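Colleague: Sequence:
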Amino acid sequence: MTERQPTPPPAHGGATHGGETSDDADFQHNVRDLGDVPSVEVISRSAVMLMSAAAERLGLSAEDPETSPARDLDEARRLITALAGLVTASVEYLGPHAGPLRDGLQSLQRAFREYSAVPDAPGKGPGEKYTGPVY
Numbered sequence: 000m001t002e003r004q005p006t007p008p009p010a011h012g013g014a015t016h017g018g019e020t021s022d023d024a025d026f027q028h029n030v031r032d033l034g035d036v037p038s039v040e041v042i043s044r045s046a047v048m049l050m051s052a053a054a055e056r057l058g059l060s061a062e063d064p065e066t067s068p069a070r071d072l073d074e075a076r077r078l079i080t081a082l083a084g085l086v087t088a089s090v091e092y093l094g095p096h097a098g099p100l101r102d103g104l105q106s107l108q109r110a111f112r113e114y115s116a117v118p119d120a121p122g123k124g125p126g127e128k129y130t131g132p133v134y
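Every letter in the sequence shown is one number past the one before it in numbering that gives the first Met the number 0, and letter 83, counting from 1, is 82.
Mixed in with the good hints there might be a few duds.
Between beta-carbon pairs, the in silico distance windows are [said to hold, decoys possible]: (1) ASP71 / GLY34: 32 to 38 Å; (2) VAL117 / ALA61: 18 to 24 Å; (3) ASP35 / ALA61: 36 to 42 Å; (4) ASP22 / ARG112: 44 to 50 Å; (5) SER45 / VAL117: 27 to 33 Å.
The set of hints was computed from the structure by calculation and includes no laboratory data. Given the structure is predicted, the values throughout are model-derived calculations rather than measurements. Note that CB positions come from ideal geometry on N, CA and C, so glycine has one too.
Input sequences plus hints: build the corresponding full structure.
Modeller: Put into structure tokens, the structure is as follows:
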């Protein structure tokens with residue numbers, strides 16, 4: 000499997016070189032074999048993606064989370080639960096990355112509790128079956 004690494008858009012609009020567009024050449028140059036990516040990096044990237052998506056669904060990217068058009072607590076619950084499962088299951092492999100990921104997870108769990116019209120009972124919030132109660 001390969002993963003495309005982010006690259007800035009070409010300034011020349013994808014000109015061709017020998018039948019291959021510069022976009023194709025950029026892609027080939029920036030393809031990274033996932034077999035070469037350490038597992039901790041794959042897990043960490045996945046966790047960061049889940050965190051970012053959950054934060055977006057909680058409305059945290061907006062000036063006023065209450066009025067964010069992206070706010071969807073049901074979706075946030077799913078993402079936070081998935082994040083909790085990933086972090087809990089892989090904590091022994093994360094080394095120094097475990098602490099910041101756990102902190103981020105707890106922050107999302109607290110934000111969810113704060114934004115819920117009817118907060119879940121302790122231990123029943125998103126991901127708390129994996130992490131334990133978050134107050």
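Colleague: Of the hints stated earlier, which fail here?
Modeller: Checked against the structure, no hint fails, so every one of them is satisfied.
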